[in-house]
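Novice: Each chain, letter by letter, is given below.
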Amino acid sequence: MEAKVGDRIVIKGHHIGEPDRDCEVLEVHGESGGPPYLVRWGDSGHESLFFPGPDAAVQQLHRPETR
Amino acid sequence: MLVNDALRRSGVGVAPDAAIFIAAGVMAASGVGALAVIDAGRLVGIVTDRDLVRRGLARRMPETARVDSVMSTPPATIPGTADLDDAYIAFRAAGVRRLAVVNDQGQFLGMLTVDDLLVRLAANLRDVTRPVASEVQTPHHGMSSPPEFDTDEARRPVVPL
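Order-wise, the sequence lines are chains A and B.
So in my numbering, spot 20 of the first sequence is number 20, and the numbers just go up one at a time.
So in my numbering, spot 105 of the second sequence is number 105, and the numbers just go up one at a time.
These are computed hints drawn from the structure, not numbers from a lab.
Fair warning: there could be bad hints in the mix.
Under 10 angstroms between C-beta atoms, here's a sample of chain B residues computed to sit facing chain A [as the list claims (entries may be wrong)]: (1) R9; (2) V12; (3) V14; (4) A18; (5) G25; (6) S30; (7) L35; (8) A36; (9) L125.
Beta carbons are placed, not taken as given, at the ideal position from N, Cα and C, and that holds for glycine.
Whole structure, please, built from the sequences with the hints as guidance.
Specialist: This is how it looks when you write it as structure tokens:
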């Protein structure tokens, strides 16, 4: 997985009725956009390190093209 | 199959000096029941929701107490490149419900739980029992399709009158 600061990561719920969760990437600690990431959780605003698994997907922040 | 391939959930980590109420909040927000405790990129412990209750709340620790005061250390780990069969042995030997999966440098990758193994076992069991269940419910004795039912034959009396 590759992510950039400002990207949103969505974690799919594992059980019926379990909601998806999301967090915002604050820092990228791995090489070339790789994990781990320092993230802020949407639910609570708490910060933690995040090590993405197969349940996580990056929603990239829309950035205007640079010329 | 390797341990890495059996990981189903993302891993979440906190620093050893994080307050236990922060750890609880991260657990609630992320939906995980165990956090890796990471110090300068190094895995130093595991803290579970049970640790927060038994070692924190039950002992009337303040909510600002540090995570490293309630974590389990050293953490039970398994390499991500280990065979999944080794995980069963590791779970039995360590007597835990979660193993921290690490890479060759000992860095945390994710958490393997007993539940992950149970889900995989259940899926495997379902796969191998499906043909048996099918045979029991609709016996066809190896034929590709069940024989057509001969209605004339069925109407014929078994014992000639």
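Novice: Quick check: which numbered hints come out false for this structure?
Specialist: Going through the list in order, the structure violates hint 9 alone and respects the others.
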